[in-house]
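Turn these sequences into a full structure, and let the hints steer you where they fit.
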Amino acid sequence: MTAEQPPAAILWFRRDLRLDDNAALHAAIETGGAVVPVYIREPEGHNIGPLGGAQEWWLHHSLEALRKAVRELGSDLVLRTGAAVDVLADLAHETGAQTVFINRAYERDEQDRKIAADLDAKELRLTAFHGKLLHPPGRIKTGSGGSFKVFTPFWNAMQKLGEPREPIAAPTRIPAPKHFPKSQSLNSWALLPSKPDWAAHFSDLWTPGEQGAKEKLEAFIGNHLHDYKRGRDLPAIDATSNLSAHLAHGEITPARLWHATRDLPRSAAENVGHFRREVAWRDFCYSLLSEKPRLDEENWDRKFDAMEWLYDADEFTAWTRGQTGYPIVDAGMRQLWKYGFMHNRVRMITASFLIKDLMIDWRKGEKWFRDALVDADPANNAGNWQWVAGSGADASPFFRVFNPVLQGEKFDPDGTYVREHVPELAKLDKKYIHKPFDAPPQTLAKAGIELGTTYPKPMIDHGFARDRALAAYKRLRGAAEEG
DNA sequence: TTTTGAGTTGTTCGA
DNA sequence: GTCGAACAACTCAAA
Numbered sequence: 004m005t006a007e008q009p010p011a012a013i014l015w016f017r018r019d020l021r022l023d024d025n026a027a028l029h030a031a032i033e034t035g036g037a038v039v040p041v042y043i044r045e046p047e048g049h050n051i052g053p054l055g056g057a058q059e060w061w062l063h064h065s066l067e068a069l070r071k072a073v074r075e076l077g078s079d080l081v082l083r084t085g086a087a088v089d090v091l092a093d094l095a096h097e098t099g100a101q102t103v104f105i106n107r108a109y110e111r112d113e114q115d116r117k118i119a120a121d122l123d124a125k126e127l128r129l130t131a132f133h134g135k136l137l138h139p140p141g142r143i144k145t146g147s148g149g150s151f152k153v154f155t156p157f158w159n160a161m162q163k164l165g166e167p168r169e170p171i172a173a174p175t176r177i178p179a180p181k182h183f184p185k186s187q188s189l190n191s192w193a194l195l196p197s198k199p200d201w202a203a204h205f206s207d208l209w210t211p212g213e214q215g216a217k218e219k220l221e222a223f224i225g226n227h228l229h230d231y232k233r234g235r236d237l238p239a240i241d242a243t244s245n246l247s248a249h250l251a252h253g254e255i256t257p258a259r260l261w262h263a264t265r266d267l268p269r270s271a272a273e274n275v276g277h278f279r280r281e282v283a284w285r286d287f288c289y290s291l292l293s294e295k296p297r298l299d300e301e302n303w304d305r306k307f308d309a310m311e312w313l314y315d316a317d318e319f320t321a322w323t324r325g326q327t328g329y330p331i332v333d334a335g336m337r338q339l340w341k342y343g344f345m346h347n348r349v350r351m352i353t354a355s356f357l358i359k360d361l362m363i364d365w366r367k368g369e370k371w372f373r374d375a376l377v378d379a380d381p382a383n384n385a386g387n388w389q390w391v392a393g394s395g396a397d398a399s400p401f402f403r404v405f406n407p408v409l410q411g412e413k414f415d416p417d418g419t420y421v422r423e424h425v426p427e428l429a430k431l432d433k434k435y436i437h438k439p440f441d442a443p444p445q446t447l448a449k450a451g452i453e454l455g456t457t458y459p460k461p462m463i464d465h466g467f468a469r470d471r472a473l474a475a476y477k478r479l480r481g482a483a484e485e486g
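If you read the first sequence in this note's numbering, its first letter stands for residue 4, the second for the next number, and so on.
Do not take every clue at face value.
To be verified - Cβ pair distances, simulated, as ranges:
#	residue 1	residue 2	range
1	Glu301	Leu267	36 to 42 Å
2	Pro9	Tyr314	24 to 30 Å
3	Ser293	Gln101	54 to 60 Å
4	Asn190	Glu113	55 to 61 Å
5	Trp192	Ala429	35 to 41 Å
Treat the hints as calculated values from the structure; they're not laboratory data.
Just so it is clear, CB atoms sit at the ideal spot from N, CA and C, and this is done for glycine as well.
See the structure below:
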């Protein structure tokens, strides 16, 4: 027996672009052999669709950050393009690796199972770890062993389960192979937009990568958490964690968030509870996704297959561009376009407007958000769109139609949020900031607004739209009873 | 098995 | 201006 060096291990990064609390990385290092970190740009979309444009921007910067961090620990990151099985087999051949370590990404379990089988045929083992969620999916069961379809009991059961696992500290060193495999250049992937550079303002708000995630978390706990319960509903106030995009790319784990909010003063308990509850929603959406892998395409409630959606291309475009004539809706859609982000409260308002005022199929909106949001998450995005549509789990009652004027007045009372994102309304009196169409002519003139020219008239009368939506939802119910 | 209470985020109407 | 009720009925989860 000789004290041979164990074979190299491949660490395949996917939507887990971090070194901290990374079980797969930890296990790869534990083998005692060299570790070969790789990110693969796969040609085919996963079952949940390809990465959106905004997320490609994010991915570019996150990979840059990850590569820098890996290099600081003595290794490097290999970038390759191709079918995962082929790339991994090549790498194994080049490095002598026999095992590929991954963290499970539940939205692509089906593909990963196939990849594992294909690798197995090439005598390469795929070993998977948990970490993406607070608790591994399937841990949280109803009394009769089923999966929860309502959030509150899910949350209650999760709390009874106790704390999520302890996070694993980032390694201090990653052993590199003697001959490092060749890598493509990140720039050759052309992930960044150029013509035009619609992501120009993204970096005003976002610093992709683990370090950016840590800074956001510290700022949240230090400055914003104390106002979370009240402030998180007010889009003009920075009271939310702004961690969604970091979570979506796996740059920080929910377990890390949970434990970072553990040893806080008792006065923080209520806000911590609300924050953790939101984090738990992510777990809940993934449990829905694991039951229905095409949550982005199939109505959770199949009754909605019969819904009579309308579609008008010009109306859809007006919505995407923030030209609906309803200030809070337009502010949200423009924030989305400019920053790759939209405040959660406004997501509901804009989604409700598309679905219920325009009667456009929620899937159209889901796809738009997926392409435009830096934090687009396959489970959360689909789950929340279905929730607004009423087709989802724990769906809102059909008669809940958001009134864009009332929502604006309630959650953006001074119009600060509208003024920021719809600058042509900036000078409008507070009284009319959410309903310029009701403002007297001299008020509009004083604010330099000419409705229909500098800012659109409402594209649809909300009262009419509301009645139309309620009628359609009623017909749907009637049809279900007959069927 | 049956029963019971509850279900993220709302709006409108009439008193 | 404020407040409670109505807006449907159904499914879920636990007792």
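Checked hints:
1. Glu301 - Leu267: 36 to 42 Å: About 41 Å separates the Cβ atoms of glutamate 301 and leucine 267, which means 36 to 42 Å holds.
2. Pro9 - Tyr314: 24 to 30 Å: violated, 58 Å
3. Ser293 - Gln101: 54 to 60 Å: Violated: the Cβ-Cβ distance is about 29 Å, outside 54 to 60 Å.
4. Asn190 - Glu113: 55 to 61 Å: Given about 32 Å between the Cβ atoms, the range is violated.
5. Trp192 - Ala429: 35 to 41 Å: holds, 39 Å
Consistency with the previously given hints fails for numbers 2, 3, 4, ordered from lowest to highest.
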